[in-house]
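Enquirer: In case you want the letters, here they are:
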Amino acid sequence: EAGVAQSPRYKIIEKRQSVAFWCNPISGHATLYWYQQILGQGPKLLIQFQNNGVVDDSQLPKDRFSAERLKGVDSTLKIQPAKLEDSAVYLCASSLDLDPRMNTEAFFGQGTRLTVV
Amino acid sequence: AQSVTQLGSHVSVSEGALVLLRCNYSSSVPPYLFWYVQYPNQGLQLLLKYTSAATLVKGINGFEAEFKKSETSFHLTKPSAHMSDAAEYFCAVSRMDSSYKLIFGSGTRLLVRP
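Those protein sequence lines, which keep their order, are chains A and B.
Just so we're aligned, residue 5 is where the first sequence starts under this note's numbering, counting upward by one.
Just so we're aligned, residue 89 is where the second sequence starts under this note's numbering, counting upward by one.
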């Protein structure tokens, strides 16, 4: 089965520019996650979708970050304008179901490494 | 609030030696706990998870972890390290609410010496 696809793999932009990342989850997975992983830290959840509805976006900096999941399939994460501290790897993940007891797991893409200069 | 603490940002072992990566959690209710592995330039891969069934959980690649409520710990072990085990390991706890949000520790980098 195909895994979670993310693009681009790498992106370098200047501060105050905008950038967008794309994620295509595993087919049939209802839950989609975007994580931010700053160098030397664990991933931090930015936003979680169940189908095309937002379940949790409490740690999404909404003044500059936005995300959408149209039609409940693929998703885009946008940053506008970017700051130096946004330099990180942005990971997308998907799972069949929210509940870990349903014997599902979150599958992660390879991530997009963003460098803001 | 739930959180996890991973003791030791780097752990170095010899090939064939025991691997022990430590994780302590903080939770007001019984949590779900996870260990993920991340190889360079890769996404995270689930090693094992605890969801309130057996306290000793066996995962992939010979890893296992034991949930100890009295010690609020979920340490990851492997009897004999292989060179291929060199990677970064993350412990995570899941919130017991409608989102089951994963909260990750800061990670432990495992180095395996020949």
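For the record, the hints were derived by calculation from the structure and aren't laboratory data.
Backbone N, C-alpha and C fix where the C-beta goes; we use that ideal spot for every residue, glycine too.
The reader is advised that the hints may include incorrect statements.
[Stated by the list, open to error] Under 10 Å between C-beta atoms, here's a sample of chain A residues computed to sit facing chain B:
1. 13
2. 16
3. 41
4. 45
5. 48
6. 52
7. 62
[Said to hold, decoys possible] Derived lysine-lysine pairs resembling DSS-like cross-links, with alpha carbons at most 30 Å apart:
8. 87/A to 48/A
9. 66/A to 15/A
10. 146/B to 75/A
11. 48/A to 189/B
12. 157/B to 189/B
13. 189/B to 66/A
14. 48/A to 19/A
15. 82/A to 66/A
16. 189/B to 87/A
17. 189/B to 146/B
18. 48/A to 66/A
19. 156/B to 146/B
20. 157/B to 146/B
21. 189/B to 82/A
22. 82/A to 15/A
23. 87/A to 19/A
24. 189/B to 15/A
25. 75/A to 157/B
26. 48/A to 156/B
27. 82/A to 19/A
28. 48/A to 157/B
29. 75/A to 15/A
30. 48/A to 75/A
31. 66/A to 19/A
Enquirer: Each hint needs a verdict: does it hold in this structure or not?
Expert: These are the hints, each one checked on the structure:
| no. | hint | in the structure |
| --- | --- | --- |
| 1 | 13 | 9 Å, holds |
| 2 | 16 | 16 Å, violated |
| 3 | 41 | 9 Å, holds |
| 4 | 45 | 6 Å, holds |
| 5 | 48 | 7 Å, holds |
| 6 | 52 | 6 Å, holds |
| 7 | 62 | 9 Å, holds |
| 8 | 87/A to 48/A | 17 Å, holds |
| 9 | 66/A to 15/A | 21 Å, holds |
| 10 | 146/B to 75/A | 37 Å, violated |
| 11 | 48/A to 189/B | 10 Å, holds |
| 12 | 157/B to 189/B | 21 Å, holds |
| 13 | 189/B to 66/A | 19 Å, holds |
| 14 | 48/A to 19/A | 22 Å, holds |
| 15 | 82/A to 66/A | 10 Å, holds |
| 16 | 189/B to 87/A | 26 Å, holds |
| 17 | 189/B to 146/B | 23 Å, holds |
| 18 | 48/A to 66/A | 15 Å, holds |
| 19 | 156/B to 146/B | 15 Å, holds |
| 20 | 157/B to 146/B | 18 Å, holds |
| 21 | 189/B to 82/A | 21 Å, holds |
| 22 | 82/A to 15/A | 13 Å, holds |
| 23 | 87/A to 19/A | 5 Å, holds |
| 24 | 189/B to 15/A | 27 Å, holds |
| 25 | 75/A to 157/B | 42 Å, violated |
| 26 | 48/A to 156/B | 25 Å, holds |
| 27 | 82/A to 19/A | 14 Å, holds |
| 28 | 48/A to 157/B | 25 Å, holds |
| 29 | 75/A to 15/A | 26 Å, holds |
| 30 | 48/A to 75/A | 25 Å, holds |
| 31 | 66/A to 19/A | 17 Å, holds |
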